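K.L.:
Residue numbers (the numbering used here), protein chains in the order written: chain A, 22 to 118; chain B, 829 to 1172; chain C, 2 to 366.
It cannot be assumed that every hint is accurate.
[What the hints assert, rightly or not] Partner residues are not named here, just some residues of chain B that face chain A (Cβ under 10 Å, in silico):
hint : residue
1    : F888
2    : D964
3    : V968
4    : N1024
5    : T1026
6    : S1028
7    : L1029
8    : T1086
9    : Q1088
10   : R1090
11   : S1091
12   : L1092
13   : D1114
14   : I1136
[What the hints assert, rightly or not] As a list, the in silico DSS-like pairs of lysine-lysine whose alpha-carbon atoms are at most 25 Å apart:
hint : chain 1 : residue 1 : chain 2 : residue 2
15   : A       : K101      : C       : K26
16   : B       : K1153     : A       : K114
17   : C       : K59       : A       : K60
18   : C       : K136      : C       : K156
19   : C       : K26       : A       : K114
20   : A       : K111      : B       : K1153
21   : C       : K159      : A       : K79
22   : A       : K58       : C       : K266
23   : B       : K1153     : C       : K266
24   : B       : K972      : C       : K316
25   : A       : K100      : C       : K258
26   : B       : K1151     : C       : K316
27   : C       : K15       : B       : K1153
28   : C       : K159      : A       : K61
29   : C       : K259      : A       : K82
30   : C       : K156      : A       : K100
31   : C       : K243      : A       : K114
32   : A       : K61       : C       : K26
33   : C       : K84       : A       : K60
34   : B       : K1030     : A       : K70
35   : C       : K15       : A       : K114
36   : A       : K58       : C       : K156
37   : C       : K26       : A       : K60
38   : C       : K84       : A       : K79
39   : A       : K111      : C       : K266
40   : C       : K84       : A       : K58
It is worth saying that the hints were derived from the structure and are not from the lab. Everything numeric in this text was worked out from a predicted model, so none of it was measured. Even glycine gets a Cβ: it sits at the ideal position worked out from N, Cα and C.
Given next are the chains, with one letter for each unit.
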Amino acid sequence: MTEELLRDSVLLRILRTNPNEGGSMCLAVPMKVISVKGKKAFADLGGVKREIDISLVKNIKVGDYIIVHAGFAIQKLNKKEALNTLELFKQIKNETY
Amino acid sequence: MPHTTPMKDDKIFLSHGAGGKQSRTLVEKIILKYFNDPLLVALPDSATFDILDSRKTFCFTTDSYVVNPVFFPGGDIGKLAVCGTVNDLAVCGAKPLFISCAMIIEEGFSINDFERILRSMATTARKVGVRIVTGDTKVVDRGKCDGIFITTSGIGIKKNNVCSGLSSIRPGDAIILSGVPGLHELSIICAREHFNFTVSLKSDCAPIYFLVEKMLGSSARIKFMRDPTRGGVASVLNEIVAGNNFGIRIYEEKIPLTEQVRSLCDIFGFEILHLASEGRVVMVVDKNDAQKLLDVMKKHPLGKRAEIIGNVIREFPGRVILKTKFGSERFVEMPSGKQLPRIC
Amino acid sequence: MKHINKFGDADIAKALLSRIYMEAKSIKKAVNLMEVCGTHTMAISRYGLRGLLPENIKLISGPGCPVCVSPNSFIDKAIAISKIPGMRIATFGDMYRVPSAMSSLEKEHGCGASIDIVYSPLDALEIARSHSNEKVVFLGVGFETTAPLVANVIKYAKMSRINNFMVLAGNKLIPPAMEMLVRGTRHSIDGFICPGHVSIVIGAKPYEIFPKNYGIPCVISGFEPCDILQSILLLLEMISGKQRNEVKIQYSRCVAKKGNLTARKIMNEAFDVVDSEWRGIGIIPSSGLSIKEQFKEYDAECVLNLDVKISRDKKGCLCGDVLKGLKTPQDCVFFAKKCTPQHPVGPCMVSSEGTCAAYYAYERR
């Protein structure tokens, strides 16, 4: 799977909406790990970077995609499952048309 | 010059606003270094000038700027104070001629920062060809204002019969947006304290006069024009349709964005259409002229990402509707609820 | 880089919808699916999904808006804290404008209270570090997605011996609230769209009681349009009998069946499970978290003497029924008239995950 497709496959809501001031608590986004140092990682989402606390998720490496919520990684993106879901979607589309 | 002393202070003090020797020193040694228009240097109470052709129509506007922080990526309160006022004149089809600059400064404000702001105002004014011809400076006790507040008023001369007006808008008319929206407000959010993200995004604060001049010179039938500041594109569109017998449909896919803008909206849950710009234009234009106008705009640096984002429709009178990338439709309302304070 | 959103792809969505229509036709009767999580409610409104579904399939919103279910007393305690000299409140943005019957943090800020809006509880701890002459109280609001983070920050505070930081504990647990909704016979819920990010932490097990004891299938869903549509399809297939009634994970790229054990361990290190009051609903047993004994010096309720008067919600406000899925925002007399995001009567209009806020923004006809 190309880097692009993997990243895009996780999508990020375009025009994510919040009619009031930002700060939703269920909002968690996938970010790419650029560097790791102990319990912290530096991660990027489309050019927006932040130091993330990774103490809640084991075995995070550079290049992994982590699900980030309020400054913490809460899970690592499962690339295999992402592909499986996309494959399933493709199947449904092909069966219908 | 009599009654002045060399400027030794590195901070603004209350005495700088008291009208005495130190006030004069501040004006002559600091302010006139940057604002040196002949109509101003003699320091009269008001700038006086002949109007050669009294049959001209003048536009006059004013605005106050209280942005926090005063320095942000892509600009500062000074640049904003000039652009904001100049843009209000531009969207009325007026060539900006003169602006005034009234400043309220908090005691303790750094002279270095003050000079930075003045330099920025002078540079921006020069770029646009507008003259800062009169002003005022007051200093208040520490804590009585936050840093610096600036009020600019502007006079322009109406060059074109722009904008046939809201009453000329018809279903089918195109909606054009001149570039990526919301960058100004996002840059302020990013520059605020406790925002611990690294971004490289800059405010879109810019004088749009020359872009508007090109647009008006294109002979496209522009029916309405406004710059989307506080309240963003959503506010402008809702203002256009309010109380009228037409609606507007815009297309999510057509709204120009950047990766960082998308990402910030994802992380924080912002509605990009609600975020303020300070260098963009929203227009309603006759459908037959839309592409021509777009081609003209794209040739200008401030219009490179201009797009036709939607059109006026017969359905949903008084409402703005958005067709999602996904194919469904939903309403776009005026932003309500808390808007981020002190963004301009 | 081009943004190709396969999870929001219109063709895939159409294909999923077409399958949904087929299932709905074979089921024939009316089906009510509850989206528990406020972020799902927002996504459904924002993508216009409600209007795309067959007539007999209804989506009803649930109590998954942590700010909406925080009781008046929580907000009043926060307000009381903000009035104490030398105190600073750090809060997620959502709580800032929520009205209790008395006031709101926004109003108090306007009267001079020190209130900081933060993205992360880590930022709140940073504020405490950099404002050593003030005491910082972080408002711990949220469900199981947020609770481990708050727990971790309490632990950091203790390890770093930061003694000017406290938490006003208000985190709640979602599955007990879901069970409360289906215990009586008054409910009409045929299936649950389960919260995606809460489930990252808790996994699939807590939802197993629903198909097992109540015959209600569950699907843990992602937040993109195709995720939600696929989840609806999976629920309908279980309701029609085509598939076994169980808990399915649609959001498998993020949710593991076991959840995140590390996160749960940390949560349990700092918190005890207690009965908790949910605004508009009442006390739900074992549905809240309170700070454990060994971290009591970080518990604002223990350290500060907070004596607040009980304030009641405005008469006529239907937030409670909306949160339980019994009413829609349009059923409320205040909706879009007296109650707007600028002048909210209840929390559902103000929160970024509030059902009334979603309807106000996207579904007002």
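K.L.:
Confirm or reject each hint.
P.N.:
Hints, verified against the model:
1. Using the Cβ-Cβ criterion of 10 Å, the hint placing F888 (chain B) at the interface with chain A is not satisfied: the shortest such distance is roughly 35 Å.
2. Taken as an interface hint, D964 (chain B) does not check out: its beta carbon lies about 35 Å from the nearest beta carbon of chain A, beyond 10 Å.
3. Using the Cβ-Cβ criterion of 10 Å, the hint placing V968 (chain B) at the interface with chain A is not satisfied: the shortest such distance is roughly 30 Å.
4. At a threshold of 10 Å, the smallest CB-CB gap from N1024 (chain B) to chain A is about 6 Å, leaving the interface hint in force.
5. Evaluation of the T1026 (chain B) hint against chain A yields a held restraint, the C-beta minimum of about 4 Å falling below 10 Å.
6. Checking S1028 (chain B) against chain A: minimum C-beta separation of about 6 Å stays under 10 Å; hint holds.
7. Nearest Cβ of chain A to the Cβ of L1029 (chain B): about 8 Å, under the 10 Å cut. The hint holds.
8. Among the interface hints, the one on T1086 (chain B) holds; its C-beta lies about 8 Å from the nearest C-beta in chain A, closer than the 10 Å criterion.
9. Below 10 Å, beta-carbon pairs count as interface contacts, and Q1088 (chain B) has one with chain A at about 4 Å; its hint therefore holds.
10. Interface restraint check: R1090 (chain B) against chain A, minimum CB-CB distance 6 Å, threshold 10 Å, status holds.
11. Annotation: S1091 (chain B) was flagged as interfacial toward chain A, and the flag holds, the nearest CB pair being 4 Å apart, inside 10 Å.
12. Hint status for L1092 (chain B) relative to chain A: holds, with the closest Cβ pair at about 6 Å, below 10 Å.
13. Among the interface hints, the one on D1114 (chain B) is violated; its C-beta lies about 28 Å from the nearest C-beta in chain A, farther than the 10 Å criterion.
14. Here the hint on I1136 (chain B) is broken, as its CB sits about 18 Å from the closest CB of chain A, past 10 Å.
15. Between the alpha carbons of K101 (chain A) and K26 (chain C) the distance comes to roughly 34 Å, so the proposed pair goes past 25 Å and is violated.
16. Among the hinted pairs, K1153 (chain B) with K114 (chain A) is consistent with the structure: their alpha-carbon atoms are about 18 Å apart, no more than 25 Å.
17. With a C-alpha separation of about 44 Å, the suggested pair K59 (chain C) and K60 (chain A) falls outside the 25 Å cut-off, and the hint is violated.
18. Restraint check for K136 (chain C) and K156 (chain C): the C-alpha separation of about 17 Å stays at or below 25 Å, so the hint holds.
19. The suggested pairing of K26 (chain C) with K114 (chain A) holds, with an alpha-carbon distance near 20 Å, which does not exceed 25 Å.
20. At most 25 Å may separate the alpha-carbon atoms for a hinted pair to count; K111 (chain A) and K1153 (chain B) meet this at roughly 18 Å.
21. For the hint linking K159 (chain C) to K79 (chain A), the alpha-carbon distance of about 23 Å falls within 25 Å, and the restraint holds.
22. Under the criterion of a C-alpha separation no larger than 25 Å, the hint pairing K58 (chain A) with K266 (chain C) is consistent with the structure, at around 22 Å.
23. Of the supplied pair hints, the one linking K1153 (chain B) and K266 (chain C) is violated, its CA atoms being roughly 41 Å apart against a limit of 25 Å.
24. Between K972 (chain B) and K316 (chain C) the alpha-carbon distance is near 41 Å, which puts this suggested pair outside the 25 Å criterion.
25. For the suggested pair K100 (chain A) and K258 (chain C), the alpha carbons sit about 16 Å apart, so the restraint of at most 25 Å is met.
26. Straight-line distance between C-alpha atoms of K1151 (chain B) and K316 (chain C) comes to about 38 Å, which puts the hinted pair past the 25 Å bound.
27. Restraint check for K15 (chain C) and K1153 (chain B): satisfied, since their Cα atoms lie roughly 13 Å apart, inside the 25 Å limit.
28. Restraint check for K159 (chain C) and K61 (chain A): satisfied, since their Cα atoms lie roughly 19 Å apart, inside the 25 Å limit.
29. Restraint check: the Cα-Cα separation between K259 (chain C) and K82 (chain A) comes to about 21 Å, which is no more than 25 Å; the hinted pair holds.
30. In summary, the hint linking K156 (chain C) to K100 (chain A) is not supported, as the alpha carbons are separated by about 32 Å, beyond the 25 Å threshold.
31. Restraint check: the Cα-Cα separation between K243 (chain C) and K114 (chain A) comes to about 20 Å, which is no more than 25 Å; the hinted pair holds.
32. Restraint check for K61 (chain A) and K26 (chain C): the C-alpha separation of about 51 Å exceeds 25 Å, so the hint is violated.
33. Distance check on the hinted pair: K84 (chain C) and K60 (chain A) sit about 36 Å apart at the alpha-carbon level, beyond 25 Å; violated.
34. Using a Cα cut-off of 25 Å, the hinted pair K1030 (chain B) and K70 (chain A) holds, with the two alpha carbons roughly 15 Å apart.
35. The straight-line distance between the Cα atoms of K15 (chain C) and K114 (chain A) is roughly 8 Å, inside the 25 Å bound, and the hint therefore holds.
36. For the given pair, K58 (chain A) sits about 20 Å from K156 (chain C) by alpha-carbon distance, which is consistent with the 25 Å threshold.
37. For the given pair, K26 (chain C) sits about 52 Å from K60 (chain A) by alpha-carbon distance, which is inconsistent with the 25 Å threshold.
38. Distance restraint check for K84 (chain C) and K79 (chain A): the Cα-Cα separation of roughly 42 Å exceeds the 25 Å cut-off, and the hinted pair is therefore not satisfied.
39. With a CA separation close to 38 Å, the supplied pair K111 (chain A) and K266 (chain C) exceeds the 25 Å bound.
40. Of the pairs offered as hints, the one joining K84 (chain C) and K58 (chain A) is violated, with about 40 Å between alpha carbons and a cut-off of 25 Å exceeded.
Consistency with the previously given hints fails for numbers 1, 2, 3, 13, 14, 15, 17, 23, 24, 26, 30, 32, 33, 37, 38, 39 and 40, ordered from lowest to highest.
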